Amino acid sequence: MSTPLILAVPSKGRLQENADAFFARAGIVFQRARGVRDYRGRIAGVENAEVLFLSASEIAGELARGNVHLGVTGEDLIRETIPDADARLAFVTPLGFGHARVVVAVPQIWIDVDSMADLADVAQSFRARHGRRLRVATKYVNLTRAHFAAFGISDYRIVESLGATEGAPVSGAADLIVDITTTGATLAANALKVIGDGVMLQSEANLVASLRAQWSEEARAALAVVLDRVAAEEHARNTREVRAVFAAGVDAAPACAAAEAAGARILGTPHGESIVAECGAESIWVLSDIFKRHGAAQVAIRRSEYIFAAENPLLQRVTDRLPDAAT
Numbered sequence: 057m058s059t060p061l062i063l064a065v066p067s068k069g070r071l072q073e074n075a076d077a078f079f080a081r082a083g084i085v086f087q088r089a090r091g092v093r094d095y096r097g098r099i100a101g102v103e104n105a106e107v108l109f110l111s112a113s114e115i116a117g118e119l120a121r122g123n124v125h126l127g128v129t130g131e132d133l134i135r136e137t138i139p140d141a142d143a144r145l146a147f148v149t150p151l152g153f154g155h156a157r158v159v160v161a162v163p164q165i166w167i168d169v170d171s172m173a174d175l176a177d178v179a180q181s182f183r184a185r186h187g188r189r190l191r192v193a194t195k196y197v198n199l200t201r202a203h204f205a206a207f208g209i210s211d212y213r214i215v216e217s218l219g220a221t222e223g224a225p226v227s228g229a230a231d232l233i234v235d236i237t238t239t240g241a242t243l244a245a246n247a248l249k250v251i252g253d254g255v256m257l258q259s260e261a262n263l264v265a266s267l268r269a270q271w272s273e274e275a276r277a278a279l280a281v282v283l284d285r286v287a288a289e290e291h292a293r294n295t296r297e298v299r300a301v302f303a304a305g306v307d308a309a310p311a312c313a314a315a316e317a318a319g320a321r322i323l324g325t326p327h328g329e330s331i332v333a334e335c336g337a338e339s340i341w342v343l344s345d346i347f348k349r350h351g352a353a354q355v356a357i358r359r360s361e362y363i364f365a366a367e368n369p370l371l372q373r374v375t376d377r378l379p380d381a382a383t
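So in our numbering, spot 263 of the sequence shown is number 319, and the numbers just go up one at a time.
Since the hints were made in silico from the structure, they are not lab data. Some hints could be false.
[Stated by the list, open to error] Keeping only pairs whose Cα atoms sit at most 20 Å apart, straight-line, the calculated DMTMM-like set for lysine to aspartate or glutamate is:
#1 249 to 177
#2 68 to 114
#3 249 to 170
#4 249 to 334
#5 348 to 334
#6 195 to 284
#7 195 to 114
Just so we're clear, the structure is a prediction, and the values are computed from it rather than from any experiment.
Please build the complete structure, drawing on both the sequences and the hints.
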């Protein structure tokens, strides 16, 4: 059956703004026939590709059910919604925004509780001292159960939070919380602290593919176009081209060997009086020093807008796990 590629992106808030900016940098422009209130759209210039604008939590659910092929959402929502996420999804690439931590936070007055082992001791004795189990307020029920089980903590009760989780201990609704935080300022304002090994997940927004979606030939072709652009922008953003010019008669071979030993890639066979290499953006200073030490008269650094390559690792992360034939 012929089915288009369906890409689900956040419909509101900071995630939407960042996702739109990410795709725009990759030359992927969303078009909505009825303007910003339209929850369906298309990708300009890409055949057989549709866009759905949903909440981040809805995107996680639609990926789990295979109703969309690609989606942008936080890893925290993926891990909470889909316990076997690594079997059902392919994490294509982290997007560099939406950073947050899912943490275990206890009242600051619990001065003797600094680790999950300390919390296990509290949970074990809590019923004897207070006549009830320890109460944990959270929206992350599955992540909490898995993390607590890993530390052998079972004598507690989850209080599902529908509002501001960080206020639950102050209001008396719970004794501690599991919640998401970026800076920790809100936790501190509510007299809470993150315990030492209580960071359950370092989360950020990801581009994710559903392995259970209906991957027709048309959907796969559109996927290749989309991920070709995403990979080209990512490659260009993370690397730099370094051109070293040498005086006549200077042997550039030692410079090439030293550059490769430092992790750079020589782009083609050096010829004439210049060498062109590619390195990580963070390595330009090291590489420029290497070339100058080996006799370069001038070193120029250039950033490309896009770098398209014959092989696309992002595409392979998806296609290597799909059936050979479209279904």
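A quick look at each hint next to the structure:
A hinted pair counts as satisfied when its Cα atoms are at most 20 Å apart, and residue 249 with residue 177 qualifies at roughly 18 Å. Between residue 68 and residue 114 the alpha-carbon distance is near 12 Å, which keeps this suggested pair within the 20 Å criterion. Only pairs whose Cα atoms come within 20 Å are accepted, and residue 249 paired with residue 170 is accepted, the gap being roughly 9 Å. About 44 Å separates the Cα atoms of residue 249 and residue 334, which puts this hinted pair outside 20 Å; it is violated.
As the CA atoms of residue 348 and residue 334 are separated by approximately 16 Å, the hinted pair is consistent with the 20 Å bound. Taking the CA atoms of residue 195 and residue 284, the gap is about 36 Å. The hint is violated against a cut of 20 Å. Distance restraint check for residue 195 and residue 114: the Cα-Cα separation of roughly 15 Å lies within the 20 Å cut-off, and the hinted pair is therefore satisfied.
This entry does not satisfy hints 4 and 6, going by the numbered hints stated previously.
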